[in-house]
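Based on these hints, arrange chain B on the given structure of chain A.
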Amino acid sequence: MDSSGWPVPSSSQSSSHYARHGLSRRAFIGGAAAAAAGTSLGSGLLWPAAASAGSFSVPPPRPSPATTTVDGVDFHFVDPFHAGVDPSSITDFKGFAGVADVQGTGTGRNPDGSVETLLFDTDMRFMQGTYVGLDGKVHQATFGFV
Amino acid sequence: MFWTVPLQSGREDDGHGGVRVDLDDGKARMRAKNLRVRDFFNIPNALFRFQSPASVRATVSFDIRWLGPATGRSAVTSPPGSSGRLLMSPATMRWSAQNAQGFSFKSNPSGTTSVFGQLGRVRNGIFAH
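Chains as they are written, first to last, in my numbering: chain A, 49 to 194; chain B, 6 to 134.
To be clear, the hints were calculated from the coordinates, so they are not data collected in a lab.
Just so we're clear, the structure is a prediction, and the values are computed from it rather than from any experiment.
Below 20 Å or equal to it, Euclidean Cα-Cα: the simulated SDA-like pairs (lysine to any residue) are:
| hint | chain 1 | residue 1 | chain 2 | residue 2 |
| --- | --- | --- | --- | --- |
| 1 | B | Lys111 | A | Thr155 |
| 2 | B | Lys111 | A | Glu164 |
| 3 | A | Lys185 | B | Ile131 |
| 4 | B | Lys32 | B | Arg99 |
| 5 | B | Lys111 | A | Ser162 |
| 6 | A | Lys185 | B | Gly130 |
| 7 | B | Lys111 | A | Gln151 |
| 8 | B | Lys32 | B | Pro74 |
| 9 | A | Lys185 | B | Pro11 |
| 10 | B | Lys111 | B | Asn47 |
| 11 | B | Lys32 | B | Arg90 |
| 12 | B | Lys111 | A | Arg157 |
| 13 | B | Lys38 | A | Thr155 |
| 14 | B | Lys111 | B | Arg41 |
| 15 | A | Lys185 | B | His134 |
| 16 | B | Lys111 | A | Asp160 |
| 17 | B | Lys38 | A | Val106 |
| 18 | A | Lys185 | B | Ala133 |
| 19 | B | Lys32 | A | Ala131 |
| 20 | B | Lys32 | A | Gly132 |
| 21 | B | Lys111 | B | Arg62 |
| 22 | B | Lys111 | A | Thr153 |
| 23 | B | Lys111 | A | Pro159 |
| 24 | B | Lys32 | A | Phe129 |
| 25 | B | Lys111 | A | Thr165 |
| 26 | B | Lys32 | B | Thr97 |
| 27 | B | Lys38 | A | Ser105 |
| 28 | B | Lys111 | A | Val163 |
| 29 | A | Lys185 | A | Pro113 |
| 30 | B | Lys111 | A | Asn158 |
| 31 | B | Lys111 | B | Thr97 |
| 32 | B | Lys32 | A | Phe144 |
| 33 | B | Lys111 | A | Gly161 |
| 34 | B | Lys38 | B | Pro11 |
| 35 | B | Lys32 | A | Gln151 |
| 36 | B | Lys32 | A | His130 |
Reference excerpt, derived from the structure (chain A facing chain B, CB under 7 Å, subset only):
| hint | residue |
| --- | --- |
| 37 | Val106 |
| 38 | Val118 |
| 39 | Val133 |
| 40 | Asp134 |
For glycine and all other residues, C-beta sits at the position ideal for the given N, C-alpha and C.
So here's chain A without its partners, still in its complex pose (with noise of 0.2 Å):
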């Protein structure tokens, strides 16, 4: 998850903030310099919607403008995690948004059977109200940044 979240081993967890802050998919995004230079991203997992056109179910949203940019490669969306900004992955839009920062830990069980207990630190939006289309068309609906 985009999704919904990132599970890394447990034996990775560090008293460092920005340690624990660097195995997210939000410190990632913020610090792709560190994370490109050898920092462990563990045996975790990504759920990122692999979302074009032909998967939506409804009418495309147009993409945010707003670009972060790694590795001189710009992705339409915005780093959300402070007070005051929008965190909407689509543009022309109007309605409800929100978005959180949650870790915890769960379990992860591996294709041969082993079991292992795993952190997770997410970031997860919704965008729920009306949207202009890639159609040029106004419509609802609701879409979650997974």
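This is chain B only, laid out in the frame that chain A set:
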């Protein structure tokens, strides 16, 4: 679109998911059940897709609650082109997922830590003003 998928609008109670918002109380709930996604294994690969296979089929279920109380009400100040009002509200989350390779994950129900939670009404693009 970047990590953005449609959820069923206003049907949070039907077991498949959706979003329900109560800004007066600073509360909201976002749910999905067996939402089909792709598992890219890690964030670098999700962004640049250098692994092979780059991703596998997966499903995820989640239940996120913004519990209130509403605090820190503020105007939207960024990004440029956005306006609206937001409030801070702590969140909890339960979730599970499984991918086509046989890996599964289930969050611990004993508790989570809300690092950041924010809700509100926003307008952007052609609706900004």
